[in-house]
Amino acid sequence: MGKHSLIKDQLTKISKIALIIFGSVAVIAAGLLVLFMYRGEEEARILFFLFYAGQTMYMQVLRIVFMGSMLPVFAALVILSILHKEQAAKVLFIISACAAILAVGLICVFLFMQGLPAMVEMGIWEFLTGTDWRPTWDPPRFGIFPMIVGSLYVTAGAILFGVPIGIFAAVYMAEVCPKPIYKVLKPAINLLAGIPSVIYGYFGMVVLVPFVRENFGGSGFSILTASILLGMMILPTVITISENAMRAVPREMYEGAVALGASHERAVFWVILPAAKSGVMAAIVLGVGRAIGETMAVRMVAGNQPLLRMPYEFLQGTRTLTTNVVLDLGYAYGSHRAALIATGVVLFVFILLINTLFSLLKRKGGLR
Amino acid sequence: MNKFSLADVNLWYNDFQALKNITMDIPANMITAFIGPSGCGKSTLIKSLNRMNDLVEGCKITGNIMLDGEIIYGNIDVNLLRKRVGMVFQKPNPFPMTIYDNIAYGPRTHGIKSKFKLNEIVEKSLRDAAIWDETKDRLKKSALSLSGGQQQRLCIARALSVQPDVLLMDEPTSALDPISTSKIEELVIKLKKDYTIVIVTHNMQQAARISDNTGFFLLGELIEYGGTGQIFSVPGEKRTEDYITGRFG
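For the record, the sequence lines run as chains A and B.
Letter by letter, the first sequence follows residues 1 to 368 of the numbering used here.
Letter by letter, the second sequence follows residues 369 to 617 of the numbering used here.
Hints may be right or wrong, so weigh each one.
What the hints assert, rightly or not - Below, a list of computed lysine-lysine pairs in the PhoX-like style, where the Cα atoms sit at most 25 angstroms apart:
no. : chain 1 : residue 1 : chain 2 : residue 2
1   : A       : 277       : B       : 428
2   : B       : 492       : B       : 558
3   : B       : 481       : B       : 508
4   : B       : 508       : A       : 277
5   : B       : 428       : A       : 179
6   : B       : 504       : B       : 481
7   : B       : 483       : B       : 459
8   : B       : 492       : B       : 561
9   : B       : 561       : B       : 508
10  : B       : 551       : B       : 492
11  : B       : 509       : B       : 485
12  : A       : 277       : B       : 509
13  : A       : 90        : A       : 13
14  : B       : 459       : A       : 277
15  : B       : 504       : B       : 492
Unchecked claim - Derived list of chain A stretches under chain B, where covered just means 3 residues or more per stretch with a C-beta under 8 angstroms from a C-beta of chain B:
no. : stretch
16  : 242-254
17  : 261-271
These aren't lab readings, by the way, just hints derived from the structure by calculation.
Cβ atoms here follow ideal geometry from the backbone N, Cα and C, with glycine treated the same way.
Work out the full structure: start from the sequences and follow the hints.
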C-alpha cells in the first residue's frame with residue numbers, strides 16, 4: 001500500500017511537471033513566433049517572403065513545435081486520469097472547455113500571423129486610413145478606410161431599423177399577443193432566423209432594391225438598402241433574446257406595478273423592460289455581431305464600390321470589410337491576398353472591440 | 369364605518385370553487401386579519417379586494433364587493449381602484465431600479481412630474497414606512513442592495529406613495545427574520561391610524577398581536593369572523609378552536 005502510493009505520488013509529480021514544462025513550451029513557442037513576426041519591418045519583410053516562398057517548410061516547423069509540445073501534455077493527462085479517477089471527469093470537462101478556447105486561440109494566432117506581416121509591409125496606418133483600394137495598380141494601393149466606414153454605416157443602419165422594431169416585437173410577443181397569434185408568430189420568427197443569407201440577398205435584390213430606387217432614387221444598390229435588409233436579418237436575434245429576457249423577469253415585479261394602479265402598458269414598458277435591460281443589451285450585441293459579420297446578403301444589395309462615402313450619401317453604394325474579402329479573394333494572390341487577410345484581422349479586432357464595449361455597458365447598466 | 373362590504377362572494381378558478389358565499393364587513397381604520405390553513409382561500413379573498421385576481425386566467429367571481437358603498441366589480445377604473453387599495457406581497461418585490469425610482473414609480477404613474485413634489489412624496493413615504501433613516505443617504509442606489517426586511521418596508525413605502533385608503537398585506541412577513549417581522553408589525557400598528565389594513569397571515573401569534581378583527585377561513589368558507597380577542601379566547605366554533613390550538617393546519 002505504502003510503496004504503491006509512493007510510486008503513484010512520483011508518477012503524479014512527473015506527469016504534473018511534464019504538463020507544466022511542455023505546456024509552457026507550447027505557449028512560449030507560439031508567443032515567440034507571433035512576436036518574431038512583427039518585431040521590425042526588415043525582419044517582417046523577410047519573414048513575409050519566407051512565408052510565401054517556403055510556406056510548407058515553415059508550416060512543417062510549426063507542426064513539429066505544436067505536436068511536439070502537445071504529445072507529452074496529452075500523455076501526462078492520460079497518466080493523471082488513470083491515477084486519479086475522480087479527477088479524470090474534471091479534467092475531461094476542462095479539456096472540453098479548452099477546446100473552445102483553443103479554437104478561438106488558433107483563429108487568433110493564424111489570422112494575426114498571416115495578416116500582421118502584410119499590414120506591417122503596407123504600413124499599418126496607410127492600410128487603415130488609406131482611401132484608395134487599387135489592387136491592380138502598379139504599385140497597388142490597399143487602403144481599407146472606405147470599407148471600415150462602410151461596415152459602420154450598414155451596421156448602424158441595421159441597428160436603426162432592426163432594434164426598435166425588434167424590441168417592440170419582443171414586447172408584443174412576451175406581454176401582449178394572444179396565444180393563438182403567438183402560436184403562428186413564434187415559428188415564423190424562428191423560420192426567419194433559419195433562412196440562409198443568400199435568400200435574404202435575393203429578396204433584397206428583387207424587392208428592396210427596386211423599392212429604394214423608385215422611392216428614394218439612385219440605383220437602389222445602396223447603404224440604405226443594405227441597412228434595411230440587415231435590419232430585417234437581425235430581427236429574429238433581437239426579438240428572441242429580448243423576449244426571453246422579458247419572460248425571465250419575475251412575475252412579482254409586474255404584479256407590484258399593477259397593484260400601484262399602473263396600466264398593463266406602463267408596467268411592461270417601465271418595469272419589465274428596464275428589468276430585462278441586460279438581456280436586451282445582449283440581444284443588441286448579438287444583432288450587431290450578426291450585422292457586421294454578414295457578407296452574402298450585403299454583397300448582393302450594397303453596390304460594393306470601394307469608395308469613401310459621407311453619411312448623406314446613403315443612397316450610394318458601399319463596400320464593407322466582409323464583402324471586400326469575399327469579392328476579391330477568388331482571384332487575389334500575393335500582396336493582394338495578404339491585404340484581404342489583413343482586412344479579416346481588422347474585422348476581427350472590430351468584433352472584439354464591439355463585444356468589449358457592450359459588456360462594459362452591460363456591467364455598468366446592471367446595477368441600476 | 370365599513371370600508372369594504374362583501375355579500376355572497378363566490379369565486380372559481382375554472383372549475384375549482386375557491387371562495388364560497390363569503391359575507392363580511394371590513395371596518396375602516398382597523399386591522400383585519402385573515403387566518404386559516406394553506407389553500408383555504410384567504411389569499412384569494414384579499415386579492416379580490418383590489419381585483420388582482422383579474423390577472424389570473426379562468427377566474428370568475430359572483431356576488432358583491434363594495435368599497436365605500438361602490439361596487440368594485442362593476443363599471444369602474446381598475447387602475448384607480450388599485451391606487452386606492454394598495455398591496456404588499458408575500459415576497460418583497462422591489463423593482464430593479466434605484467430606491468428613489470421605486471417610490472416615485474407610483475406617483476409618476478398617476479401623472480406627478482414635478483421634481484419637487486416627487487422628492488416630497490418619496491421622503492414622506494419612506495418616513496411613514498420607517499425606513500427613511502436607513503435609506504436617505506442612498507436613494508440613488510439600487511433597491512436590490514437592501515436586506516430582505518428593508519426591501520419589504522420599501523415595498524410598503526411604495527404602496528403608500530400613491531396615498532391609498534386601504535393597505536392589503538398578503539403574508540408580508542413570511543419571508544422575513546423575526547427582527548424584521550417585529551419591525552413590520554410595529555409599523556402596521558402605527559399605520560392603522562391613517563389606513564384600513566387587511567392582512568393575511570399564517571402566523572396566529574401575529575394575528576393575535578396586531579389585529580382588531582380576525583376571520584378564520586377553511587376550504588373557501590368563512591367559518592368565523594369577529595373581534596380578535598374573542599376569536600382567540602372564546603372561539604364560537606369547534607373548528608376555529610382546533611385550528612387555533614394547533615390541532616390541525
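Verification of the supplied hints:
no., hint, verdict
1, A:277 with B:428, "violated, 35 angstroms"
2, B:492 with B:558, "holds, 15 angstroms"
3, B:481 with B:508, "holds, 18 angstroms"
4, B:508 with A:277, "holds, 18 angstroms"
5, B:428 with A:179, "holds, 20 angstroms"
6, B:504 with B:481, "holds, 21 angstroms"
7, B:483 with B:459, "violated, 30 angstroms"
8, B:492 with B:561, "holds, 16 angstroms"
9, B:561 with B:508, "violated, 31 angstroms"
10, B:551 with B:492, "holds, 18 angstroms"
11, B:509 with B:485, "holds, 20 angstroms"
12, A:277 with B:509, "holds, 17 angstroms"
13, A:90 with A:13, "holds, 18 angstroms"
14, B:459 with A:277, "holds, 22 angstroms"
15, B:504 with B:492, "holds, 11 angstroms"
16, 242-254, "holds (count 3)"
17, 261-271, "holds (count 6)"
Hint compliance for this structure: hints 1, 7 and 9 are broken, all remaining hints hold.
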